[in-house]
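Participant: Protein chains in written order, with our numbering: chain A, 1 to 689; chain B, 1 to 211; chain C, 1 to 213.
The hints are simulated quantities; they were obtained by calculation from the structure and are not laboratory data. Predicted model only: the values in this text are computed from it and were never measured. Be a bit skeptical, because a hint or two may be false.
[To be verified] Calculated pairs, DSBU-like style, for lysine-lysine (alpha carbon to alpha carbon, straight line, at most 35 Å):
#1 B:Lys122 <-> C:Lys133
#2 A:Lys131 <-> A:Lys397
#3 B:Lys122 <-> A:Lys131
#4 C:Lys134 <-> A:Lys78
#5 A:Lys78 <-> B:Lys137
#6 C:Lys133 <-> A:Lys10
#7 B:Lys192 <-> B:Lys137
#8 A:Lys529 <-> C:Lys122
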Amino acid sequence: MASKRRTFLKCAAALAAGAAVGSAASPAPWDALRQLERREHSPPDLPHPPAGPLEHVDTVSAAGAFGTGIRVLTSNGKPMLVRANPENPLGRCGLAPEDLEQVRALARPGRLSVPLLRNAEGRLEPVAWSKALDLLAARFGEARGEVLIVTPARKSCGRDVAAALCAELGAVHAAMPSEAATAARAAALMGLAGTPGYDLDNARGLVLLGADAFGSMPASPHLRRAWATARGRGTKSRAMYFGPERGASAALCDTWIPLAAGSEATAALGLCWHLDALGLARCEASDLAEFLQLIRTRFTPELVRSATGLPPEALENAARVLAEGGVLIAGSASGSGADDAAILAGLAANALAGRLNRPGGVILVEGLPATPGTPAPVDDLLSILRAVAQGERPAPKALLLVEADPLAELPDGVLTARALSRIGFKACFADRLTASAALCDLVLPAAMPLERQEDVRTPYGLALACLGLARPLLRPLGDCRHPADVLLEAASRLGLPTAGHTHQARLRALSLALEGEGGFVARGVEPWKVLAGEGRPAPEADLWRELQAGRLWCGPRIRQGVHTLGAALLAGVAGPAASDLERPLTLVVRPAPEQVIQDGLGGAIPSVRLNAATAKSLRLRDGVRATLKGHSGSAAVRVALDESVMDGHAVLTPAREQLPAIRAAMDSRPAEIGAARRWDACRATLEPA
Amino acid sequence: MSAPVWGMVIDVDACTGCGACMAACGVENNIAPGSGMDWITLERRSNGRAFPDSDAAFLPRPCMHCANPPCVPVCPTGATRVSSLGGIVSQTTPQCIGCRSCVKACPYGVRRFNEREPVWPKGMDAAVTPFAAVRPKGVVEKCTFCVHRLIARGPEGYTTACAEACPTGAITFGDVSGISLGEDMFVILPQKGAKPRVAYVSWRSWLRGEK
Amino acid sequence: MIGVKRKGGAPAGEGLDSSDAVGRGTPAHGVSRVSGRALVAGCLALGLALGLGGGWLAWPRLATQTFTQPIRFSHSVHARQEVPCAVCHFTAPGGAFGGLPPVAVCAGCHQDPTGGRSDDAKEADKFVTEYVKKRKEVPWLVLAAQPDHVRFPHGPHLKAACAICHPDMSREDYPTLRRDRISGYTNWTMSMQRCRACHQASGAGQDCVLCHR
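Model the full structure from these sequences, guided by the hints.
Facilitator: Structure (structure tokens):
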């Protein structure tokens, strides 16, 4: 028995040894080792570039607020990489991160791809489009006049579809508030039509009063490059930034003069005093005498200094910069929530210096013709939501948020949430489950840029009326659809006449309407040179084809108009609010640029940046956790000391997920002029957590 | 005409810190989203003084492609070397054994070691470009000055993705053989003797290290 | 196995392994020793043969997987109809090579089934019904696939004849494709030695970064 076993073992060992020696004499083990090493160098599970013919497709970026011309590298027709399109002058080939990352954003984790409906247990679960549309049409049909539809601030044919639907239902259409709407309102107060744009391509000087022209302003990619180019030309162009923080806008200016948020109107009127005193006022407005009387009595250097702390020399320099071929841009350092008065005062200063509707100055950009029968939306969504929350106004029976996220974009977060909770049926279009979408009963997946057709119009801040057409380069992911198409289908189920014109037909109609407007296609010309008086190209015969090819249509000439300086209204400017001991901090909240996937460097809770002196007065140290408290809500934050922030201010740049919490701690307040509310300088306090 | 030496001049006073350079680099060179492996980063420097005397600036920080690169002699496998393509310091990832000597040697901290396999969310691989491989775990990678553009299209009009995308034109890329330092132009950490080919321009004296 | 494990150590369970315990120490019989030696030698030879055979004959078959194209596309048939290469294979902007044509290019000619009887016509009809009509891309196999860290731009290489690196499609209409199961390299993957030899001979650059990125 034992020998058998031993023999067996010996045989087995011999067999193994033989096999080892034999295979060693063959290429097999060496080949296996080599292949393993090769595998390690290019592991098969890492993504490979798609193998297909590469082509360039020119179109316009619909990502972000600015419609840059883009050249998309496609593989087998699928977008792969976005670069600037040198044939589209908008942005002068400068791109924003969201333009560059839009192909990756299409596959962002958490993207919605099917309609979701809240079930009996309160959870969102997938539902078919037909059922979702039936529900939407049924609820709209029941509520009719008690429907509230909220659309993005940006004008587009898609927004016109929502407006037409509203008009036919008798519903309320509100657009998200934006600085563009505030600026257009301010211009209207002076008797001017259109939205102000700032011609930095031709300007020789720049005065920024709070306005975040090189940061969050929609036209900032173009403004940045235009101004940087002007600087690079070695001209004597000078730029001054008045604002609460040395941020992106201050970085591109020669000097930063600290100016408290919310005191831009006072500063602009103080600057007017210097224009007048230096004899640089060149204006023929009907209320000039009244205006001069106002600034001579109430905005003298001493009074402005005591109200804002601004040294008179700074304002005097700014007045010279403005008068010598410069432009003044007033606005909110947060990029939203500015007071009408601030922008009105800024426009008045430009007008007084003779810089209105001039190349290199402020140019009133007229909107593109809207589809007939689409009334303008009410722009004071905030007041509506507040009134609903406080029971002063009956809650709408149905709400539709068309790619709007009021919880992340509007202040008074607590009131907004309360208002939303009072609305019976809430639906929304979104590409992901935003804070507002998470509260909705029906969430409809929206197609993203590169998947949808979209008209991209003049971004706020640009001095040129323009239009680009973003066209779909690939089919939307999953069941995503263009909101305009869905709304039209809902309208057809309700038997409304709007359904007769498709989104595509509306875009074509817009293009046809523009052919008669006297604009031109910017091909081989720099439209800002045309604005400055260079030869104008002939209008294009087939504008639609040009737009499809990713080219830019530029609007007609500058139109001069009779205007006032708004003296009667500006007389109501009370100056900056007196310091509030209970809430000593002034907030500047700018959403951080969005990343496709958060890199986690920002941390779970948002940082609040304030300088050491401010932190000391609040008994806070660097890195500690604190609670940001407004009138109605509070948010957890982390203190980060930053000497680039002026005294008494706190700057927050929260990521999108962090925004709703911060918005809850932000309080709006009535504007100094008009019925709209402002939140450019919310007051808050910061307490150790 | 002598052969070009590729480098950058970065106008610090024009940088607003918008991050377009990082985004452009990431999508062009297949840097996994959210991985923090960016080849170009933005460093915020301040003069360390309290408000209102404070000052701050952003420095875009790509690989400096030094004339005397400290990373090259320490590499045991010769994976990193000065190429004959206008002095571009190249990194050959299949030769890299992940010893990280170069990461330690680099005074500018621009080399990145892949601690883990890069994560690409489902569907995002459609955005993988053919210009650079997706680097596996265990190798060091760094900025290549978008050398694939030079190889594919030649020196005429050669520029990097970051320089192309910069909305303020703060990054200028090109032949730096005729450029000398001085005035407002400086390099960072000149005392390390690496002779970087990325120079910065600023009127801020504190940034140049002068007190 | 149990026996092998126990060999060096002390026997743990007597009852379990009694035959082993008895056998230890008793000398083996001469006859069985002789035949045992022969057996061992035989085993050694057998093992050697197995190892050699496995390594030389079985390994190449086991380690690689042979593939055939989803559609038996004939280059020669198309070449005879004077379709230039560039109709289907085109260079992309920036000198990268398009490689494989999308189905839309094929559909330019192959729109409808022909109903022909020949093998080629049947294959063409299969292509039309399965891909063109369904608007599906053909998962063509790439013969000369390179690993991911090798970036081969076609632009600078267009002076050379295609067949220097690719199979010569005029001679070999249906070349076999064997792909290594471990590394994914194919029998047509270019070796670095060949790249280098050509680069050396033609005076092209020798920098690693020219190919490895």
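Participant: It remains to establish, for every hint, whether it holds in the given structure.
Facilitator: Here's how the hints hold up against the structure:
1. B:Lys122 <-> C:Lys133: Status holds; Cα separation ~28 Å.
2. A:Lys131 <-> A:Lys397: holds (20 Å)
3. B:Lys122 <-> A:Lys131: Distance of about 28 Å is within 35 Å: holds.
4. C:Lys134 <-> A:Lys78: holds (18 Å)
5. A:Lys78 <-> B:Lys137: holds (28 Å)
6. C:Lys133 <-> A:Lys10: violated (65 Å)
7. B:Lys192 <-> B:Lys137: Holds, at about 30 Å.
8. A:Lys529 <-> C:Lys122: Violated, because 63 Å separates the two Cα atoms, which is more than 35 Å.
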